[in-house]
Amino acid sequence: MTFLTVMQFIVNIIVVGFMLTVIVIGLIWLIKDKRQSQHSVLRNYPLLARIRYISEKMGPELRQYLFSGDNEGKPFSRNDYKNIVLAGKYNSRMTSFGTTKDYQDGFYIQNTMFPMQRNEISVDNTTLLSTFIYKIANERLFSREE
1 MTFLTVMQFI VNIIVVGFML TVIVIGLIWL IKDKRQSQHS VLRNYPLLAR IRYISEKMGP
61 ELRQYLFSGD NEGKPFSRND YKNIVLAGKY NSRMTSFGTT KDYQDGFYIQ NTMFPMQRNE
121 ISVDNTTLLS TFIYKIANER LFSREE
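Just so we're aligned: 30 in full-length UniProt numbering is position 30 of the sequence shown, and the numbers increase by one with no gaps anywhere.
Derived from the structure by calculation, the hints contain no laboratory data.
Wrong hints could be hidden among the right ones.
As the list claims (entries may be wrong) - Pairs of lysine to aspartate or glutamate, EDC-like flavour, derived with a Cα cap of 16 Å:
#1 LYS135 - GLU145
#2 LYS82 - GLU72
#3 LYS82 - GLU56
Everything numeric in this text was worked out from a predicted model, so none of it was measured.
Work the whole structure out from these sequences, hints included.
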């Protein structure tokens, strides 16, 4: 055997090994997606769901440079949609007290045609409702632990 045939044999082994590794990892990923019970999209359409989750993670960067802003859009803006999804899907309504509006220094008072009276502002908090809010333990690119 010549040196070139030995090198070609080694390269073929490396290429076949790489292809088998990719196939085995893909099958393990597919079986893992089919057996999980949290995301029906991953269970039914694993490849499309992976593409969807990757594009969701890349979305803010793409919107920053290529598409409309977070406060634009019809019938509702990206911020409105995000607030609905966070409250509905993740059951997390905790947001910061900041704003994205560019206010000047000083007071910001919003006028109203019919201001509420003092007795309308008081609320009876004696009756409690039993609720459950999910907490996300760890969110990664392809998975989420709740």
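How the hints compare with the structure:
no.	hint	in the structure
1	LYS135 - GLU145	holds (9 Å)
2	LYS82 - GLU72	holds (13 Å)
3	LYS82 - GLU56	holds (12 Å)
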